[in-house]
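Protein chains: 2
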Amino acid sequence: MDIRMHTLSDKVPEPTLRRLPWYLSNAKLMRDKGETYVSSTQISRQINIDASQVAKDLSYVKISGRTRVGYEINSLIEVLESFLGFTDMHKAFLFGVGSLGGALLRDTGLQQFGLEIVGAFDINPELVGTEINGIPIYHSDEFEAKMKEASVNIGVLTVPISIAQEITDKMVAGGIKAVWNFTPFRIRVPEDIVVQNTSLYAHLAVMFNRLNFNQK
Amino acid sequence: MDIRMHTLSDKVPEPTLRRLPWYLSNAKLMRDKGETYVSSTQISRQINIDASQVAKDLSYVKISGRTRVGYEINSLIEVLESFLGFTDMHKAFLFGVGSLGGALLRDTGLQQFGLEIVGAFDINPELVGTEINGIPIYHSDEFEAKMKEASVNIGVLTVPISIAQEITDKMVAGGIKAVWNFTPFRIRVPEDIVVQNTSLYAHLAVMFNRLNFNQK
Numbered sequence: 065m066d067i068r069m070h071t072l073s074d075k076v077p078e079p080t081l082r083r084l085p086w087y088l089s090n091a092k093l094m095r096d097k098g099e100t101y102v103s104s105t106q107i108s109r110q111i112n113i114d115a116s117q118v119a120k121d122l123s124y125v126k127i128s129g130r131t132r133v134g135y136e137i138n139s140l141i142e143v144l145e146s147f148l149g150f151t152d153m154h155k156a157f158l159f160g161v162g163s164l165g166g167a168l169l170r171d172t173g174l175q176q177f178g179l180e181i182v183g184a185f186d187i188n189p190e191l192v193g194t195e196i197n198g199i200p201i202y203h204s205d206e207f208e209a210k211m212k213e214a215s216v217n218i219g220v221l222t223v224p225i226s227i228a229q230e231i232t233d234k235m236v237a238g239g240i241k242a243v244w245n246f247t248p249f250r251i252r253v254p255e256d257i258v259v260q261n262t263s264l265y266a267h268l269a270v271m272f273n274r275l276n277f278n279q280k
Numbered sequence: 065m066d067i068r069m070h071t072l073s074d075k076v077p078e079p080t081l082r083r084l085p086w087y088l089s090n091a092k093l094m095r096d097k098g099e100t101y102v103s104s105t106q107i108s109r110q111i112n113i114d115a116s117q118v119a120k121d122l123s124y125v126k127i128s129g130r131t132r133v134g135y136e137i138n139s140l141i142e143v144l145e146s147f148l149g150f151t152d153m154h155k156a157f158l159f160g161v162g163s164l165g166g167a168l169l170r171d172t173g174l175q176q177f178g179l180e181i182v183g184a185f186d187i188n189p190e191l192v193g194t195e196i197n198g199i200p201i202y203h204s205d206e207f208e209a210k211m212k213e214a215s216v217n218i219g220v221l222t223v224p225i226s227i228a229q230e231i232t233d234k235m236v237a238g239g240i241k242a243v244w245n246f247t248p249f250r251i252r253v254p255e256d257i258v259v260q261n262t263s264l265y266a267h268l269a270v271m272f273n274r275l276n277f278n279q280k
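Read top to bottom, the protein sequences are chains A and B. Whatever position you read off the first sequence (first residue = 1), add 64 for my numbering. Whatever position you read off the second sequence (first residue = 1), add 64 for my numbering.
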């Protein structure tokens, strides 16, 4: 059973990319339970997603299953982690060491998924020159110089909304290629720049609304 | 111009709920610049979303604009904050004080958006009995007792994937009505329980993929 149908240059749909980490964590759980093979039907049953959808999603990944047996779990984990970019270390700078920015600097979990924040920028004199979790905090004016020293192409945006666009423009001018935007502000970037919006507050809004709806 | 078209009992579509915080932060910015009125056309232009979409989204919110002038900014901010649930304080418990859990306890920004974490649970003896940012950390066994003391209906899930389902089941049995799931694990809950998935790692996967795609 070789269900590979896509070439590597295909753009993977975002819903697929969001589901693949579910399959990955499921495979890790199965491995920890001592299993050696897993089929898309099993994954499907455990996480309640249509089996044909699981097979279709996995077809983007370079892995072949065996009829009736399924995927070898260790290979599946390895291939998924590599495909999702979790095995390469991607260097990033963080902009804005406020409450959320500081919290992200302290989250060592990001490193296990391929993101290494190598420096942070702020203008607060109490922060500049210090470090959090071993990550140095520089003055924002040093950004251009630091970009020349390190090969960084990801910027994590955790500034106040009033300067979100201004800092984004600076990042892009300095050579940042992808912005992980944690602000509730909709930033604008040139077409070739990747933006990933992760607004915790928008997620809260959805959760509160659903909760109120259920309680009516 | 009264564009209210929905009754309060309408279920607001998730994309709308995710866009409304953008309008809110835009309105705050305009207010800080000294503006008093804003039209959906202006919002539309600034955040690059179709004006008819903006008007449609805002029609879910109880606010009326005036022809040619638009919405009074202070009212718009007030109404949006209230509609999104940011002005009510929602109490929550956090489960799993690891790296991400600890980081969320330290993020005071959540309170400004209506989420107050009033306690956390873990089994690590080095953590139990201590507090982070003024939030007490209890042993997981104390959950049922603590639920009786406080009126909490939101659970923030930041445990390892191997126990994500087990802890979710416990939360639900204890009376939690909404789970904010930060794990990359797809948890299963009864139909009347709200789940909001916020997997930072899934967002990272999407960002890495797009970045690699652009760099080909």
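In case anyone wonders, no lab produced these hints; they're calculated from the structure. Careful, some of the hints might be misleading.
One copy or two, it doesn't matter: identical chains are merged, so the pair holds either way.
To be verified - Below 25 Å or equal to it, Euclidean Cα-Cα: the simulated PhoX-like pairs (lysine-lysine) are:
(1) Lys234 - Lys120
(2) Lys234 - Lys97
(3) Lys75 - Lys210
(4) Lys92 - Lys234
Only a predicted model underlies this, so the values are computations on that prediction, with no experimental measurement involved.
For this structure, which hints from the list above don't hold up? Result: hints 1, 3 break, sorted rising.
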